[in-house]
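A.B. asks: Below, each chain spelled out in residue letters.
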Amino acid sequence: MPKKDLANDETTIEKLTHLGRKLKNQLYDADSENLTIETKVRSKSNVEYDEEDGRLELGDSFSQRKFLNISHARKFMQTTLVASKAKELVENGRTASIREVYYQLKHTVPGLDENTFEDQDESNNVVVDIETATGAIREDLHLFAEPKGRLFGPIKINDSGDTIDGMSMGSAGMAIPSIVDHLEFEENNADFILVVETSAMVNRLVEEDFHEEQNAIIIGTGGQPARGARRLINMMHNELDLPVYVFTDGDPWGYYIYSVLKSGSMSLAFQSDRLATPDAKLIGMTMEDIETYDLHHVTEDLKGKPKGSGGPTKDFKRIHDVMDYEWMKNDDWQNQLQKMLDMGVRVEQQALAAQSLEFVANEYLPNKIENEEFLD
Amino acid sequence: MSEGMEQPEMEESDHKEISVAEFFEKNRHLLGFENPQKSIITVTKEAVDNSLDACEGDEILPEIHVLIDEIGDEKCRIEIRDNAIGLDRETIPKVFGKLLYGSKFHKLQQSRGQQGIGISASAMYAQLTTGEPVTVWSKQEGEPCHKFVVRIDTEKNEPEIIEDEVVGKDSDEFPGGKDYYFDHGTTIEMNIEAKYTGGHHSVKNYLKHTAIMNPYARIVLREPDGNKIEYPRVSKDLPQKPKEIKPHPHGVELGIMMRMIEGSSARTVSSFLQNEFTRVGRTSADDICEEAGIDSDRRPNTLDKDEIETLLKAAQNVKLQSPPKDCLSPIGEELIEKGLQKELNPDMIFAETRKPKVYKGNPFQVEVGLAWGGDIDEEGSFDELRFANKVPLLYKKSSCVTTKAVEEVSWNRYNVSQTGDRPQGPLYILVHIASVWVPFTSEGKEAVANYEDIRKEMKLALQEVGRKLGRELKRQERREIQEKKKRQLTSYAKEMGPAIVELAGEGSPEEIEEKIQAMVHADYNPEQL
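First to last, the sequence lines map onto chains A and B.
So in full-length UniProt numbering, spot 33 of the first sequence is number 33, and the numbers just go up one at a time.
So in full-length UniProt numbering, spot 465 of the second sequence is number 465, and the numbers just go up one at a time.
The hints are simulated quantities; they were obtained by calculation from the structure and are not laboratory data.
Owing to the predicted nature of the structure, the values given are computational and were not obtained by experimental measurement.
Keep in mind that the hints are not guaranteed to be accurate.
[Unchecked claim] If you anchor each label on the Cβ, the simulated ranges turn out as follows:
#: 1; chain 1: B; residue 1: Asp375; chain 2: A; residue 2: Gly223; range: 52 to 62 Å
#: 2; chain 1: A; residue 1: Gly223; chain 2: B; residue 2: Arg475; range: 34 to 44 Å
#: 3; chain 1: A; residue 1: Asp159; chain 2: B; residue 2: His521; range: 44 to 54 Å
#: 4; chain 1: B; residue 1: His201; chain 2: A; residue 2: Pro312; range: 45 to 55 Å
#: 5; chain 1: A; residue 1: Pro306; chain 2: B; residue 2: Ser381; range: 43 to 53 Å
[To be verified] Pairs of lysine to aspartate or glutamate residues, derived as EDC-like cross-links and limited to a Cα-Cα distance of at most 20 Å, are as follows:
#: 6; chain 1: B; residue 1: Lys204; chain 2: B; residue 2: Glu384
#: 7; chain 1: A; residue 1: Lys314; chain 2: A; residue 2: Asp342
#: 8; chain 1: B; residue 1: Lys305; chain 2: B; residue 2: Glu290
#: 9; chain 1: A; residue 1: Lys75; chain 2: B; residue 2: Asp383
#: 10; chain 1: B; residue 1: Lys485; chain 2: A; residue 2: Glu33
#: 11; chain 1: A; residue 1: Lys66; chain 2: B; residue 2: Glu483
#: 12; chain 1: B; residue 1: Lys204; chain 2: B; residue 2: Glu63
#: 13; chain 1: B; residue 1: Lys485; chain 2: A; residue 2: Glu114
#: 14; chain 1: A; residue 1: Lys303; chain 2: A; residue 2: Asp321
#: 15; chain 1: B; residue 1: Lys484; chain 2: A; residue 2: Glu88
#: 16; chain 1: B; residue 1: Lys360; chain 2: B; residue 2: Asp453
#: 17; chain 1: B; residue 1: Lys484; chain 2: A; residue 2: Glu118
#: 18; chain 1: B; residue 1: Lys485; chain 2: A; residue 2: Glu118
#: 19; chain 1: A; residue 1: Lys22; chain 2: B; residue 2: Glu276
#: 20; chain 1: A; residue 1: Lys15; chain 2: B; residue 2: Glu483
#: 21; chain 1: B; residue 1: Lys325; chain 2: B; residue 2: Asp453
#: 22; chain 1: B; residue 1: Lys494; chain 2: A; residue 2: Asp53
#: 23; chain 1: A; residue 1: Lys66; chain 2: B; residue 2: Glu495
#: 24; chain 1: A; residue 1: Lys44; chain 2: A; residue 2: Asp324
#: 25; chain 1: B; residue 1: Lys515; chain 2: A; residue 2: Asp342
#: 26; chain 1: B; residue 1: Lys404; chain 2: B; residue 2: Asp377
#: 27; chain 1: A; residue 1: Lys22; chain 2: B; residue 2: Glu514
#: 28; chain 1: B; residue 1: Lys204; chain 2: B; residue 2: Glu290
#: 29; chain 1: A; residue 1: Lys329; chain 2: A; residue 2: Asp53
#: 30; chain 1: B; residue 1: Lys484; chain 2: A; residue 2: Glu114
#: 31; chain 1: B; residue 1: Lys360; chain 2: B; residue 2: Glu483
#: 32; chain 1: B; residue 1: Lys494; chain 2: A; residue 2: Glu33
#: 33; chain 1: A; residue 1: Lys22; chain 2: B; residue 2: Asp453
#: 34; chain 1: A; residue 1: Lys317; chain 2: A; residue 2: Asp294
#: 35; chain 1: B; residue 1: Lys494; chain 2: A; residue 2: Glu88
[Claimed, not checked] Cβ-to-Cβ under 8 Å is the rule here; a few derived chain B residues that face chain A:
#: 36; residue: Val166
#: 37; residue: Lys169
#: 38; residue: Gln488
#: 39; residue: Ser491
#: 40; residue: Glu502
For glycine and all other residues, C-beta sits at the position ideal for the given N, C-alpha and C.
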C-alpha cells in the first residue's frame with residue numbers, strides 16, 4: 001500500500017512546528033516563568049448547541065496547561081512526546097495507530113518510578129489535546145484508532161487504490177477504518193443509510209438480505225459510533241445525498257447514540273461539522289412501538305430506582321441526564337423519555353424477534369420507511 | 001451487721017492477729033508479685049526506685065547495675081547495686097528485714113516510693129519462694145563495707161541477722177570486684193522465683209523507660225545470657241530537689257486528721273492547725289475555728305469525732321492559699337528531650353512542662369513529651385510512656401488517666417492519623433505526673449486515677465506538643481511534596497528536551513533541557529506548598 005500523503009500535510013507540519021517554537025520561545029524569554037500550552041476547554045461548560053445547524057460546538061473558553069503546575073506537568077510532558085511523534089509520522093509519510101504510538105513512547109521515566117504513559121487512555125486523551133491546541137485533527141496528524149464499525153450495501157468504495165464492493169463483503173462486512181477522509185465513492189446504488197446500534201441486529205438484517213432488498217447501506221456501529229464511522233456517514237450523506245436513519249434500542253443509551261450521530265459529542269465538539277449529521281432521523285425503537293407492535297411482554301424494567309427514592313438511580317439518572325441536554329429539549333424527545341420514565345421500561349431492538357425473525361426486515365423497517373414514521 | 005442479731009460465741013475465739021507474713025502471702029498481688037514474670041520487674045523496680053531516690057536525696061549522679069542470672073527453673077538471682085551514700089550499720093537490717101519500715105511513709109515529699117514497703121516486701125517474696133535470706137552490702141564514704149545476711153522473722157516482723165561482717169575491698173566477699181567498685185553505695189542480692197522475659201512487660205523495658213525519665217542516671221543491665229545493655233547518662237544535671245511539705249487542709253481526709261490530732265503535741269486547736277498544716281496561719285486558723293463553731297483554745301485531744309469532722313469541713317470551706325509548689329520536682333523539658341533522644345533516637349521531639357496545679361489540696365505537675373519518626377517503628381499504634389514521680393508505669397494502661405487524656409486529644413487535627421481515639425504512627429507519647437501524693441487507682445501503683453483536674457492538665461499539655469508536632473509534620477509534608485515535584489519535573493525535562501527540539505525543528509536538546517531544568521529550579525521552594 002502506498003504511503004499516505006495527505007493534502008494537509010504541509011499545514012499540519014506548520015502547526016506542529018508553531019507549537020514547538022512557542023514552547024522554545026517561552027524557554028528563551030526571560031520574562032516567562034512557565035511553559036504553557038493553550039487548549040480549548042472541552043468540558044460541558046464550554047460546549048454549546050447551535051440550534052440552527054443542529055450541532056454541538058465548542059465555545060471560546062481556553063485553558064492553559066502549565067508545566068510547573070504539578071497536576072498538569074505529566075500531561076504536559078506527554079503532549080510534547082505525542083506531538084513530536086506525530087510530526088515525525090507526517091514528515092515520513094507514515095501513519096500509526098494510537099496504540100502503536102503508545103507503545104513507541106512508553107518507557108520508564110529515568111529517575112522516577114513511573115512510565116511516560118501507564119495506559120492507552122492517557123495517550124488517547126493527549127491526542128485530543130493536541131488536536132485542539134494545534135487545530136490539526138487526528139487524521140492530519142496521521143494517527144488512527146482501531147477500526148470500529150462495519151458496512152454492507154450497494155456501494156463501491158475506493159481505498160488507496162483498492163475497490164471495495166459493499167455487496168460482496170460476506171457476513172462480516174467492510175471494516176470501517178479510523179481514518180476515512182481518503183475514501184472515494186466510486187459507484188452508489190443505495191437509497192438510504194441505516195445506522196444500526198447492535199451487532200446482533202446487523203447480523204439479522206444481513207441474513208435477511210435487507211441491504212439488497214431495500215437498497216440500503218447498513219452501518220453497524222457496535223454501540224457508540226467511533227469517529228471513523230461518524231465521519232463516513234457524514235461524508236456519504238453530504239456527497240451522495242442519502243437520507244440517514246438510525247436504529248437503536250429504546251433506552252437512554254440508544255437515544256444518546258442517536259444524538260451523537262446527529263449533533264456531535266461533547267468531547268469532539270470542535271469537529272462537529274465533520275462528524276455530525278444533523279439530518280439523521282431515528283427510525284426506532286420508540287416507546288410507541290411497544291403499543292403498536294404489542295411488545296409489552298418483551299420489555300425490560302429500568303434498572304435502579306426513580307430519583308429521590310433513596311436507592312441507586314442508574315437508568316433513571318441517565319434518562320434525566322439525557323433529558324437535560326439542550327439538544328434533546330424538543331417535545332418529541334422529552335415525550336419519549338418521559339414515557340420511558342412513566343412506563344418504567346426499556347425495549348431492545350431484538351425484542352422485535354418476538355413477532356418472528358424476519359419481522360424486523362420484512363415489516364417493521366419497511367413500514368416505517370414507507371410511512372415516514374421517524375423521530376427527528 | 002443488722003441490729004439485734006446475736007453474735008455466735010465461736011466467732012470471738014476465731015479472731016486472732018494475723019502476721020505480716022501471712023497477710024503478704026495472701027495479698028502478694030497487691031504489691032506486684034502475682035506471677036514470676038511480674039515479680040522480677042517488681043523487685044527490680046523497688047530496688048532501682050530506692051537507689052534513685054537515695055542518690056537524688058544526696059545529689060549524687062546515680063549509677064545503677066542490675067545483674068540477673070537464671071539459677072534453675074523459674075528461679076533467678078538478682079543483684080542490684082547503686083552508688084548512693086550508703087546506709088549505716090544499724091539501719092541496714094531494718095530496711096531490708098522489717099516490713100513497713102522506711103523513711104518515706106510519714107513524709108509529704110515527692111519521691112518514687114511512697115510507703116517504703118517495697119524492698120522489704122521483695123525480701124519477703126524471696127524468703128517465701130526460695131526460702132533464702134537476702135544479702136546486703138552497704139558502704140559509706142570512708143567507712144568499711146558492711147555485709148549482712150538478713151531474714152524476716154515473720155511472727156514478729158523483725159529482722160533476723162544471720163551474718164554480720166565487715167568485708168575489705170580486696171575480699172572475695174566484696175560485691176562485684178573492681179568492675180563495680182563504688183566508694184559508697186548499697187548492693188542487694190536475693191534469689192527469687194522469677195521468669196526473665198522480653199517484651200513490653202519486661203525488666204529491660206522497665207529500665208528503658210526509667211532511663212528515659214532519668215537521663216542523669218547511668219544504668220547497666222546484665223541479662224541472664226550475659227548480654228549487657230547500657231542506658232547511658234546524657235546529662236549531669238539532677239532535677240531540683242523537692243522540699244518536704246506538710247499537708248494542706250483541702251487534701252486531708254477525716255481518718256488522717258484524727259490521726260494527726262492524736263499524734264500532735266499542740267495545746268490548742270489553733271496551734272494544731274498552724275503547726276500541722278501548710279498555708280494555715282493564725283488568722284486562717286481562727287477563721288476555721290469560727291466557721292466550725294469550735295473554741296480555738298481548746299485542747300485538740302478533747303475534740304470528739306463529730307467535732308473533728310466539723311473542723312475539717314470548715315477548713316475545707318475557708319479560703320486558703322494553695323499549697324507551695326516547691327515540693328515538686330519535675331524533670332523539665334530539656335531533660336525529657338534528652339531522655340527521649342538517647343533511648344529512641346527519633347526525628348523530632350517536643351516536650352512541655354506545665355505549671356504546678358492543685359487537685360484536692362495536693363500540688364501536682366504534668367509533663368509530656370512526643371517523639372516522632374527516626375528509629376521509632378512505623379507499625380501500628382503509638383507507644384505510651386507513663387510515669388508517676390519518674391517511675392515507669394507498665395501495667396493497667398487502659399484504666400490510667402494518661403490513656404484517657406491521650407484519647408481526648410483530636411490527633412488528626414495535628415496531622416497524625418487516628419484509629420478510633422488513638423493516634424497512629426511512629427510515635428511515642430510520654431506523660432509524667434509529679435506529685436507529693438499521686439492518686440494511684442490501687443496499692444499496686446500501676447495506674448493513676450482519672451481526676452478531672454489531672455486529665456485536663458494532661459490534655460492541655462498534649463495539645464500543646466501536638467500543635468508543635470502538627471506544624472512540623474505539615475512543614476515536612478510540604479517539603480516532601482516540593483521535593484517530589486522537583487524530582488518529577490527534573491525527570492520530565494529530560495523527556496521534553498528532545499521532543500521540543502523535534503517539534504520546533506531547531507535547537508539543541510541539551511540546551512532546551514537545561515533551560516527547563518533552570519525553570520524548575522527557580523520554581524523550587526521547599527518551604528512553600
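A.B. asks: If a hint holds in the structure, say so; if it doesn't, say that too.
C.D. replies: We went through each hint and held it up to the structure:
1. B:Asp375 x A:Gly223: 52 to 62 Å: At roughly 58 Å between Cβ atoms, Gly223 of chain A and Asp375 of chain B fall inside 52 to 62 Å, so the hint holds.
2. A:Gly223 x B:Arg475: 34 to 44 Å: Given range 34 to 44 Å: violated, Cβ gap about 51 Å.
3. A:Asp159 x B:His521: 44 to 54 Å: The hint (44 to 54 Å, Cβ to Cβ) holds, given that Asp159 of chain A and His521 of chain B are roughly 52 Å apart.
4. B:His201 x A:Pro312: 45 to 55 Å: 51 Å, holds
5. A:Pro306 x B:Ser381: 43 to 53 Å: 46 Å, holds
6. B:Lys204 x B:Glu384: Cα-Cα ~16 Å, so holds.
7. A:Lys314 x A:Asp342: Holds. Lys314 of chain A to Asp342 of chain A sits at ~16 Å (cutoff 20 Å).
8. B:Lys305 x B:Glu290: 18 Å, holds
9. A:Lys75 x B:Asp383: 43 Å, violated
10. B:Lys485 x A:Glu33: Between Lys485 of chain B and Glu33 of chain A the Cα gap is close to 16 Å, so the pair holds against 20 Å.
11. A:Lys66 x B:Glu483: Holds. Lys66 of chain A to Glu483 of chain B sits at ~18 Å (cutoff 20 Å).
12. B:Lys204 x B:Glu63: 16 Å, holds
13. B:Lys485 x A:Glu114: This hinted pair holds, its Cα atoms lying about 13 Å apart.
14. A:Lys303 x A:Asp321: Given that 20 Å is the threshold and the Cα spacing comes to 15 Å, the pair holds.
15. B:Lys484 x A:Glu88: 32 Å, violated
16. B:Lys360 x B:Asp453: Holds, at about 9 Å.
17. B:Lys484 x A:Glu118: Status holds; Cα separation ~19 Å.
18. B:Lys485 x A:Glu118: 19 Å, holds
19. A:Lys22 x B:Glu276: 91 Å, violated
20. A:Lys15 x B:Glu483: 36 Å, violated
21. B:Lys325 x B:Asp453: Answer holds: Lys325 of chain B to Asp453 of chain B is near 16 Å, not above 20 Å.
22. B:Lys494 x A:Asp53: 46 Å, violated
23. A:Lys66 x B:Glu495: This hinted pair holds, its Cα atoms lying about 16 Å apart.
24. A:Lys44 x A:Asp324: Distance ~12 Å between Lys44 of chain A and Asp324 of chain A Cα, so the pair holds.
25. B:Lys515 x A:Asp342: Violated: Lys515 of chain B and Asp342 of chain A sit about 63 Å apart, past 20 Å.
26. B:Lys404 x B:Asp377: Given that 20 Å is the threshold and the Cα spacing comes to 23 Å, the pair is violated.
27. A:Lys22 x B:Glu514: 17 Å, holds
28. B:Lys204 x B:Glu290: Not OK: Lys204 of chain B and Glu290 of chain B at ~57 Å, beyond 20 Å, violated.
29. A:Lys329 x A:Asp53: 15 Å, holds
30. B:Lys484 x A:Glu114: Distance ~13 Å between Lys484 of chain B and Glu114 of chain A Cα, so the pair holds.
31. B:Lys360 x B:Glu483: 53 Å, violated
32. B:Lys494 x A:Glu33: The hint holds at about 18 Å.
33. A:Lys22 x B:Asp453: Roughly 68 Å between the alpha carbons, so the hint for Lys22 of chain A and Asp453 of chain B is violated.
34. A:Lys317 x A:Asp294: This hinted pair is violated, its Cα atoms lying about 27 Å apart.
35. B:Lys494 x A:Glu88: With a Cα-Cα distance of about 19 Å, the restraint between Lys494 of chain B and Glu88 of chain A holds, given a limit of 20 Å.
36. Val166: 73 Å, violated
37. Lys169: The hint is violated - Lys169 of chain B has no Cβ within 8 Å of chain A, the shortest such distance being about 66 Å.
38. Gln488: Check passed: Cβ of Gln488 of chain B comes within 6 Å of chain A, closer than 8 Å.
39. Ser491: 4 Å, holds
40. Glu502: 4 Å, holds
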